[in-house]
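Participant: Chain residues, written in single-letter form:
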Amino acid sequence: MPREIITLQIGQCGNQIGMEFWKQLCKEHGISADGILEEFATHGDDRKDVFFYQADDEHYIPRAVLIDLEPRVINMIQNSPYSALYNPENYFHAKDGAGNCWAAGYYGGERLQEELLEMIEREADGSESLEGFVMLHSIAGGTGSGLGSFLLEVLNDRFPKKLIQTYSVFPNQLESGASDTVVQPYNSLLTLKRLTMFSDCVVVLDNTALDRIAVDRLKLVNPNMSQINTLVSTVMSASTTTLRYPGYMNNDLVGLLASLIPTPRCHFLMTGYTPLTIERQVSAVRKTTVLDVMRRLLQTKNIMVSASTKKGCYMSILNIIQGEVDATQIHKSLQRIRERKLARFIPWGPASIQVALSKKSPYVETAHKVSGLMLANHTNIYALFDRVLKQYDKLKKRNAFLENYKKEKDFEIEEFDYSKEVVEQLVDEYKAAEKADYGSWGNDDGKDEEMYK
Amino acid sequence: MPRELITVQVGQCGNQIGLRFWDLVLREHARHNKDSVFDESMSSFFRNVEIKRGNPINIPVGDGRNSLQNLKARAVIVDMEEGVINQMLKSELGELFDQKHFIKDVSGAGNNWAHGFNYYGPKYEETLMENFRKTVEDCDSLQGFFMMHSLGGGTGSGVGSYILGLLKEAYPEVYRFTTSIFPSNDDDVITSPYNSILSLNELRKQADCVLPVDNQALLNIIQTIQAPLAGKGAGITEGKTKEEKPFDKMNNIIAHLLANITCSMRFEGPLNVDLNEITMNLVPYPDQHFLLASMAPLYSLLDLKLQARGVDQMFKDILTDQHQLLCVSPLRHRYTALGLIIRGDVAFTDVAKNIKKIKSDIDMIYWNKEGFKYGLCNLPSLGQPYSALCLSNNTGVRSVFSSLQGRFDKLYRRKAHLHHYTEYIEVSLFEEASTSTSDLIAQYLELENVKEPSFIPRLSLIHISEPTRLLSISYAVFCLKKKK
Numbered sequence: 001m002p003r004e005i006i007t008l009q010i011g012q013c014g015n016q017i018g019m020e021f022w023k024q025l026c027k028e029h030g031i032s033a034d035g036i037l038e039e040f041a042t043h044g045d046d047r048k049d050v051f052f053y054q055a056d057d058e059h060y061i062p063r064a065v066l067i068d069l070e071p072r073v074i075n076m077i078q079n080s081p082y083s084a085l086y087n088p089e090n091y092f093h094a095k096d097g098a099g100n101c102w103a104a105g106y107y108g109g110e111r112l113q114e115e116l117l118e119m120i121e122r123e124a125d126g127s128e129s130l131e132g133f134v135m136l137h138s139i140a141g142g143t144g145s146g147l148g149s150f151l152l153e154v155l156n157d158r159f160p161k162k163l164i165q166t167y168s169v170f171p172n173q174l175e176s177g178a179s180d181t182v183v184q185p186y187n188s189l190l191t192l193k194r195l196t197m198f199s200d201c202v203v204v205l206d207n208t209a210l211d212r213i214a215v216d217r218l219k220l221v222n223p224n225m226s227q228i229n230t231l232v233s234t235v236m237s238a239s240t241t242t243l244r245y246p247g248y249m250n251n252d253l254v255g256l257l258a259s260l261i262p263t264p265r266c267h268f269l270m271t272g273y274t275p276l277t278i279e280r281q282v283s284a285v286r287k288t289t290v291l292d293v294m295r296r297l298l299q300t301k302n303i304m305v306s307a308s309t310k311k312g313c314y315m316s317i318l319n320i321i322q323g324e325v326d327a328t329q330i331h332k333s334l335q336r337i338r339e340r341k342l343a344r345f346i347p348w349g350p351a352s353i354q355v356a357l358s359k360k361s362p363y364v365e366t367a368h369k370v371s372g373l374m375l376a377n378h379t380n381i382y383a384l385f386d387r388v389l390k391q392y393d394k395l396k397k398r399n400a401f402l403e404n405y406k407k408e409k410d411f412e413i414e415e416f417d418y419s420k421e422v423v424e425q426l427v428d429e430y431k432a433a434e435k436a437d438y439g440s441w442g443n444d445d446g447k448d449e450e451m452y453k
Numbered sequence: 001m002p003r004e005l006i007t008v009q010v011g012q013c014g015n016q017i018g019l020r021f022w023d024l025v026l027r028e029h030a031r032h033n034k035d036s037v038f039d040e041s042m043s044s045f046f047r048n049v050e051i052k053r054g055n056p057i058n059i060p061v062g063d064g065r066n067s068l069q070n071l072k073a074r075a076v077i078v079d080m081e082e083g084v085i086n087q088m089l090k091s092e093l094g095e096l097f098d099q100k101h102f103i104k105d106v107s108g109a110g111n112n113w114a115h116g117f118n119y120y121g122p123k124y125e126e127t128l129m130e131n132f133r134k135t136v137e138d139c140d141s142l143q144g145f146f147m148m149h150s151l152g153g154g155t156g157s158g159v160g161s162y163i164l165g166l167l168k169e170a171y172p173e174v175y176r177f178t179t180s181i182f183p184s185n186d187d188d189v190i191t192s193p194y195n196s197i198l199s200l201n202e203l204r205k206q207a208d209c210v211l212p213v214d215n216q217a218l219l220n221i222i223q224t225i226q227a228p229l230a231g232k233g234a235g236i237t238e239g240k241t242k243e244e245k246p247f248d249k250m251n252n253i254i255a256h257l258l259a260n261i262t263c264s265m266r267f268e269g270p271l272n273v274d275l276n277e278i279t280m281n282l283v284p285y286p287d288q289h290f291l292l293a294s295m296a297p298l299y300s301l302l303d304l305k306l307q308a309r310g311v312d313q314m315f316k317d318i319l320t321d322q323h324q325l326l327c328v329s330p331l332r333h334r335y336t337a338l339g340l341i342i343r344g345d346v347a348f349t350d351v352a353k354n355i356k357k358i359k360s361d362i363d364m365i366y367w368n369k370e371g372f373k374y375g376l377c378n379l380p381s382l383g384q385p386y387s388a389l390c391l392s393n394n395t396g397v398r399s400v401f402s403s404l405q406g407r408f409d410k411l412y413r414r415k416a417h418l419h420h421y422t423e424y425i426e427v428s429l430f431e432e433a434s435t436s437t438s439d440l441i442a443q444y445l446e447l448e449n450v451k452e453p454s455f456i457p458r459l460s461l462i463h464i465s466e467p468t469r470l471l472s473i474s475y476a477v478f479c480l481k482k483k484k
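Heads up: the protein sequence lines correspond to chains D and P, in order. Position 70 of the first sequence, counted from 1, bears residue number 70 in the numbering used here, the numbering being contiguous throughout. Position 38 of the second sequence, counted from 1, bears residue number 38 in the numbering used here, the numbering being contiguous throughout.
Honestly, I wouldn't trust all of these hints.
Within a straight-line C-alpha distance of at most 35 Å, the following computed DSBU-like cross-link-like pairs (lysine-lysine) qualify [as the list claims (entries may be wrong)]: (1) D:Lys394 / P:Lys72; (2) P:Lys134 / D:Lys431; (3) D:Lys162 / D:Lys431.
Covered by chain P, according to a simulated footprint, are these stretches of chain D (three or more residues, beta-carbon under 8 Å) [to be verified]: (4) 72-83; (5) 400-407.
Incomplete in silico selection of chain D near chain P, CB under 8 Å [as the list claims (entries may be wrong)]: (6) Ala33; (7) Asp34; (8) Pro223; (9) Arg336.
For the record, the hints were derived by calculation from the structure and aren't laboratory data. For clarity, every value in this text was computed on a predicted model and none was experimentally measured. The beta-carbon is built from N, C-alpha and C at its ideal position, and this holds for glycine as well.
Chain P extracted, bound-state conformation:
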């Protein structure tokens, strides 16, 4: 019985990531699925459809041996302007998407969160819900919704937030995961702080788990890889298309992230990790569901001599700054929980040994010193014999929120660009969002600063000496004994 995932791609960024994601997933399954049958692992992301006289009929998984007819992705595509969607349809993957699951408009949200949230959101509410209803019906046992969007723009942030709210109301027990692209410090959109903080408020309330990603971090990763590589071998960033557009490499990394999170659900392994287990183990308090992601290795190990050292090196790398998908130094902050998803041929004694090492290297909160969760999946990812994905609940995310809030405050104090927003929403929403973010930062800060209460021994009094005087003060000596 397959466990399906529905991806929701919102906005330009979301759809571009989506395109790379589907490309990767197809290649992964193609490599795994040599007899081209529609087996259960494919059913997580795809539907098998027979197109008879223009009326597509869904072919169920059955015994996992039906041949592939036409694959359709379980995806809902939302964008308020047509450019990206048209590009998608024209590309090689165009056949994968079902036209009926597209929700589009012409003019776009103009980088305005309020326009997306309060105008387009309600306008398309019915169509959206209808679409979701149909996609959910096609699923046997839906596990979760995966939203891909950015927070700096208008559609991804505004409409995306609105959709999360709708999903929470309509399908409360289905997990809502999001991959949210946070704007980097020098972002191309001026009002991105407004959009981000307003979305953050919604993400805090409506999402079950957020994987924040930062464009700057992705750029750093690409630079790290390209320096030594110089054209050698297939790395994690390469897609199938020869003509690569500028953001393709970065989106590929995110595609790998999403594929690795779900690999345990699709392929077999000795220790499986589901999406609900991820939220269960890594989210101690409901508000703090922002997980830091990092991956290693970032390029394939072509040099087999390095194999033996490779695994340990992978675990060391995964904690370093260069491998994080967010501009955060996790080692300088505190961990509340750490999860590892390991793919490929890694013995679980190696994992145990390395986790032990990691335990001694990091600052783990005192009441959860054993807070590790790991999963093993047999199938390695494309081009690499083994890889690891680390999802951690780290207080370092507060630095990202703080810097966002700083930029927000700079603009808000001057009430700059505010009139675009007040066309659709109240000013009070800004206040609310800002307080909500400060609150979140405070929570993380508290966790970072909490110290283990030291054991205060209970003492009993044995003896008080006679008070004596020395010059102008008098003092007495109290003798205390530890109570048994």
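Isolated chain D (complex conformation):
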């Protein structure tokens, strides 16, 4: 029963990550850069049709729609070796760009919605049983955040039963990090509201953490953007392995997410991956048993978000382990983790670490026997949102940089206030989730329920 997934890549960041993601998938399934199956790719028991479909001439074409409001990145993709891979009808770019302004991205999207929806619906019609959408974007810029928000709202409307998962790149948060956009608090806040209300699951990626991992763990002296995006693509492809190499359980996205997301609003996930290598470099990790992998995944330094996991508690964890694994070892590892209390769980629910075993691609050699991905729902993610709120407050109090937002005539300044309310409530909810009485939180004021209808 194929459950297809359509990928939407939005903005510069989204498209750059997307490019690496499709490269990785092609390698894993033995598809060449122009979409033809390689001769050695004869295994045949992997499900390519989740992410690809076959054209009349045996080409494998990704189910991807590439959107941007300015031409540069898409032109770069069209001039890269993988240009023949994508469906040429699925590129969309406008001319002017959003200029780092959420309002320009959002209302730009609104003006272009006919064409965008036509592309998406064509892809949707081409699937037998569409499961959902995966959106790749950043939240600090203009197109990824603004147009992304608009699409989230529209997709929710047109395809109410379909899942929407996003991989959202959050801007550098820590004091010690370098922000790359001055107005990122405004853009992030406005997008967070839509991510909270209209998306089913958000995988949070953070440039500070990715950078730290690239330098510390991979020992790359000067990682460039492409290598960092490869980290992201590793995570994305690992999280979809159970969909593409079917096994006993977790063969569709909704199953994966069901156990991770206890309450609808708390759907922001952290990821961790180990062992990390780029292009078969020998990394520092030697021993890879299941226990080792699972233990490493719980360490803060492997997590791709710069919120500390030492404070707060885990709501749920999903580990996807690939490689030669002895099933009995898993049980032992879980016991060890429980004994040593390596992870602190919420008091009001079961302390669940779900482990999914999946096969690896037969065409990609790795230096390690076992590798693992962790998707975790941790309450301390609110630290990221808190930071955004604080930075936003500082700027908004001085009414700085608001001219460009006001230039969009449909944009109301109150939009900032609505978004702030939503994000504050989200932070409160995560904080409440750490306490034992979370079950009865929010029952007294039914106002909450109204808002998220």
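Following the hints, complete the assembly by docking chain P onto the known chain D.
Facilitator: Okay, now just chain P, sitting in the frame of chain D:
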């Protein structure tokens, strides 16, 4: 789909800068564009024209593979006297310019802002608008107008200001960037303070973003470079022509500035920065759109041993006084926002690390501590493996405005030279311009002095002691507790 920029060169200074700018851009594209096809990056500044029997036809970019026929610059050239324009046409770059886009007169504006603004401006309004209309039509997706002019003279300042007003009215959504040369303290024109303050008023109202440049600062930069260099290697100031005229070195620096700002639009990179992003991120309040520019390194790094240290050194240099294009000490004033455009092979971890360092070194306004914007472009500029351009919104620009206003006041109090101006404009315009400048200075000063409101804890009263007397005063002790 290319994003075009139209340059508007006004006055002697503007046109001389323009000449050096086009020279640089041609060399940059020549180096990048080995197969001599008219690709999209060239389309930002040039048109490809086929000259058939005297009737030039525009060749569109198409798929970016058409061969170069005749390049024409997307430029509108304005000058009220013929000397400089004729020189341009006779030079090697003469073919680049389209005669139809020249607006010229014979006698000049005589260093009189009013003559430029209120006489030549309206006189040529129709021709100007017609010219702009044609150049804009030739563009697929116009991003902005770039004006190059000086503020001390007559045409550049007067006609330039008038043109800005026209553009704002006719094309309000297109960005108007200007590179305005401010007169230095010992300027060759006596009435330059009048011209500058009057233009400043217009710049404040009509331009979207102004990059002020000071002749004195440019001279300092040249001295800084020439001292150790002494004939070694190609630096940022050298042009192609062997016979260099005196201002050529200085104009080359400005040409580099303009090329670097637009490099992200023309060439690819991992983190692109557009012109609209620059205004979005660096201009917090609409009036304060005067950005301080600085560049590093100023000479090419021939000594490869220095490579590793080079990048960090570049980021340190960009904050020092010697690298600024305006005579301002940015570190002694406050930053409201800082943008960096980095060209060449620089890893973004290096950038992140250096931005962190910069953050701790500078005084950034408390409500925008994270106010950094950076962009990365893969193609390095000519002669240098990597370079950085820093555009910052710094309150230090007020010192330039203040000194200008001082000189203005000295002359105005005596009503010296005023009669030349009152032939064309009212005296009230002087008052208005002066108040406008004071206002602008006050705004910057306020930003410089604002302090973070300290957290005042809310206190509650626990206890008041019995009042007691000591000699002739009586006192009581109040005990306060911080409210939870």
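Participant: For each hint, tell me whether it holds in the structure or not.
Facilitator: Going down the list of hints, with the structure as the test:
no.	hint	result
1	D:Lys394 / P:Lys72	violated (48 Å)
2	P:Lys134 / D:Lys431	violated (61 Å)
3	D:Lys162 / D:Lys431	holds (29 Å)
4	72-83	holds (count 4)
5	400-407	holds (count 4)
6	Ala33	violated (19 Å)
7	Asp34	violated (19 Å)
8	Pro223	holds (6 Å)
9	Arg336	violated (36 Å)
In terms of the numbered hints stated before, the structure departs from hints 1, 2, 6, 7 and 9, listed from lowest to highest.
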